[in-house]
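Chains as they are written, first to last, in the numbering used here: chain A, 1 to 233; chain B, 1 to 201.
Hints in this document: simulated from the structure, not taken from any laboratory. Among the hints, erroneous ones may be present.
FRET-style restraints, in silico, Cβ to Cβ [unchecked claim]:
| # | chain 1 | residue 1 | chain 2 | residue 2 | range |
| --- | --- | --- | --- | --- | --- |
| 1 | A | N126 | B | V143 | 36 to 44 Å |
| 2 | B | N123 | A | H104 | 52 to 60 Å |
| 3 | A | I103 | B | E133 | 48 to 56 Å |
| 4 | B | T64 | A | E16 | 41 to 49 Å |
| 5 | A | F133 | B | L171 | 31 to 39 Å |
| 6 | B | L41 | A | T40 | 26 to 34 Å |
| 7 | B | I181 | A | E194 | 30 to 38 Å |
| 8 | B | Y81 | A | Y84 | 23 to 31 Å |
| 9 | A | G12 | B | K78 | 55 to 63 Å |
| 10 | A | S131 | B | K75 | 49 to 57 Å |
Here are the simulated EDC-like pairs of lysine to aspartate or glutamate, each with C-alpha atoms no more than 16 Å apart in a straight line [stated by the list, open to error]:
| # | chain 1 | residue 1 | chain 2 | residue 2 |
| --- | --- | --- | --- | --- |
| 11 | B | K20 | A | E228 |
| 12 | B | K24 | A | E228 |
| 13 | A | K29 | B | D66 |
| 14 | A | K117 | B | E32 |
| 15 | A | K24 | B | D175 |
| 16 | A | K214 | B | E173 |
| 17 | A | K29 | B | D86 |
| 18 | A | K39 | B | D68 |
| 19 | A | K10 | A | E176 |
| 20 | A | K123 | B | E32 |
| 21 | A | K25 | B | E112 |
| 22 | A | K96 | B | D36 |
| 23 | A | K140 | A | D9 |
| 24 | A | K144 | B | D106 |
| 25 | B | K24 | A | E107 |
| 26 | A | K45 | B | E71 |
| 27 | A | K108 | B | E33 |
| 28 | A | K203 | A | E107 |
| 29 | A | K175 | A | D9 |
| 30 | A | K25 | B | D154 |
| 31 | A | K24 | B | E112 |
| 32 | A | K29 | B | D151 |
Glycine residues also receive a C-beta, built at the ideal position from the N, C-alpha and C atoms.
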Amino acid sequence: MSRYINIGDKNGRNAEVLFSGVTKKPVFKMVTQAGKETKTLRVVKGTAATSYEGLMLKYKTSEAMVDEILNGDPEIDLLMTGKYISSSSRVYVDQKLQPVARIHKIEKVFDVDGNLKEERIPKENNANILSDFPIKPTGKLFPKNSIYNKLVFAKKYQLSHVNGLTFDFLFDIAKELHDSDSIALLGAGPKSNEPLVFQDGGKTYRAFIEGRVKAKSYLLIMHLSNIELKSIT
Amino acid sequence: MARLINFKTVNQNWQAGLTKVDRKKVYGYISEEVTDLDGNLCTMGNILDDGSTLILPGLTAMKTVDLDNAEIDKKSLKAVYMDGSDAEIIPSSFDIDIELTETKVDDLFNLEITSIYQLDFENDDQKKELQEELINGKVYGFVFNFRAGYDASDAILLANNEGVFALIGRLIEFDYLDNNIVDFVIDDDEDEEDEMDFSML
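Here chain A stands alone, though its shape is the one from the complex (with noise of 0.2 Å):
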C-alpha cells in the first residue's frame, strides 16, 4: 500500500510521490495434519457485564458475587460466549462500565527510574507529510560509515516516482546522495525543522533518507528513527 509525501530538495524543487513499506511474507503457516488450510478467529470470552468488574458493580460485594457465582452462572454470557468478532470499536469506559463520549487526557512523563517528571496536556500531532511545506532534507549529510552505530533505524519505507519528472527528481536526490555516502536528516514544516507526522493524532517521527543509484536506476530509502544506540547498564 502506497501514499503520497510531498519531499522537497535543497533546491527549492518539491513533488508528491509515493512511499510504501515493504510486506513480509509469510515463510510457513499452520495446517491440520491432512494438509488443510486453517485460520485464525478472534472470540468473546466474556463480556464487561460478565467480568469481575461487571459482577461487583452488580452485586457490590465480593461474598454476594461469589455466593452468585456458586449458585449460578453470572459469569458466563450464554448468548456471547465464544462468538467470532469480525469487528468492534475501541471507545473509553467509565467505571460504572458505561461508554464515555467526552474525555480529559493528561500525559505523564516519567524519567528512566520511573520518577514523574512532568504531567502535560497532550499536544495534537497534524499529519505533515502532504502540507503545503514540503519535507525536506535539513542540509546536514550523516557519513553512512559514521552514522551507522550511533542511530537505530527501524523502520524503512521506499520512496517511489509517479511519472518521467519525478523518477528525474528522485534520481538526482538518491544520486547525491549515494555519492556522498551519506544518508540526511528530514524535517517538516515552514523551517524543515520538525519530526514527520504521518496521520492527523499520529505519532511523531525522526526520519532519514537514504539514497543508492546503479546505472540508470536509482532507489530511495526513508528511515524512522527514534532511539540512540546506548548502554542502559
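Knowing the structure of chain A, use the given hints to seat chain B on it.
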C-alpha cells in the same frame, strides 16, 4: 547472569547474555491518563459490531478454525512452508552456536529493526576484544531466534563506545527503480492506524 549465547567466527568465540534495549530504558516513558469530565478514571474497551456489547481487555481469545469455522485443537496442527512441505523447527539461539559472518554496513541500512539487545559479557577481555574489532567498522550478520520456531530473524552485530549491540529484524531486498511507472495501490485513508510501532517523546 542471564543465559549466554556463544557467538563464533572461524577462529574466535565470545559468550554473552542479552539485555533488551528500548526507549523506556534509554529515555523514560509517557503514560496517558484518561478521565471523564468529572475526573473519574476511564479505561479502554471495545464495542462489538452489534453496537451494544461492550468487552474489556482480556475478554477475547484467539481460536484456530478450519475454513468452515469449526474450531481445531492447536496441538493437532503442523507447520508447513508456503509450498506445503513440512517446516523444520529452528532452534533457539541460546541452544546452539551463533555463526557470525562479516557483512557490509549497507546490510544494516537494509535491516528493518524490531528489537535491540545489548550484549552482556561475563569476561571483560572478551567484550573488549569484540568491541574493538567492531568499533573499527566491522559488522557481523547472523541468524537469530530467541525461541525455537519456524521463522528466524536476521540480525547484525555492531559496536560503539557504549557497548556491543545485536540489532534484530528483517533484511529487506529493495528493488532499484527504473524510469517506468508501476501500478501502485494508493492508500487514501489517512486515519487508518499505521503499522509503525514506535514514537518520539
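Quick rundown of the hints versus the structure:
no.	hint	verdict
1	A:N126 to B:V143: 36 to 44 Å	42 Å, holds
2	B:N123 to A:H104: 52 to 60 Å	53 Å, holds
3	A:I103 to B:E133: 48 to 56 Å	53 Å, holds
4	B:T64 to A:E16: 41 to 49 Å	43 Å, holds
5	A:F133 to B:L171: 31 to 39 Å	34 Å, holds
6	B:L41 to A:T40: 26 to 34 Å	33 Å, holds
7	B:I181 to A:E194: 30 to 38 Å	31 Å, holds
8	B:Y81 to A:Y84: 23 to 31 Å	28 Å, holds
9	A:G12 to B:K78: 55 to 63 Å	59 Å, holds
10	A:S131 to B:K75: 49 to 57 Å	53 Å, holds
11	B:K20 to A:E228	14 Å, holds
12	B:K24 to A:E228	12 Å, holds
13	A:K29 to B:D66	13 Å, holds
14	A:K117 to B:E32	14 Å, holds
15	A:K24 to B:D175	15 Å, holds
16	A:K214 to B:E173	15 Å, holds
17	A:K29 to B:D86	10 Å, holds
18	A:K39 to B:D68	10 Å, holds
19	A:K10 to A:E176	11 Å, holds
20	A:K123 to B:E32	12 Å, holds
21	A:K25 to B:E112	14 Å, holds
22	A:K96 to B:D36	12 Å, holds
23	A:K140 to A:D9	13 Å, holds
24	A:K144 to B:D106	8 Å, holds
25	B:K24 to A:E107	15 Å, holds
26	A:K45 to B:E71	14 Å, holds
27	A:K108 to B:E33	7 Å, holds
28	A:K203 to A:E107	14 Å, holds
29	A:K175 to A:D9	12 Å, holds
30	A:K25 to B:D154	14 Å, holds
31	A:K24 to B:E112	10 Å, holds
32	A:K29 to B:D151	10 Å, holds
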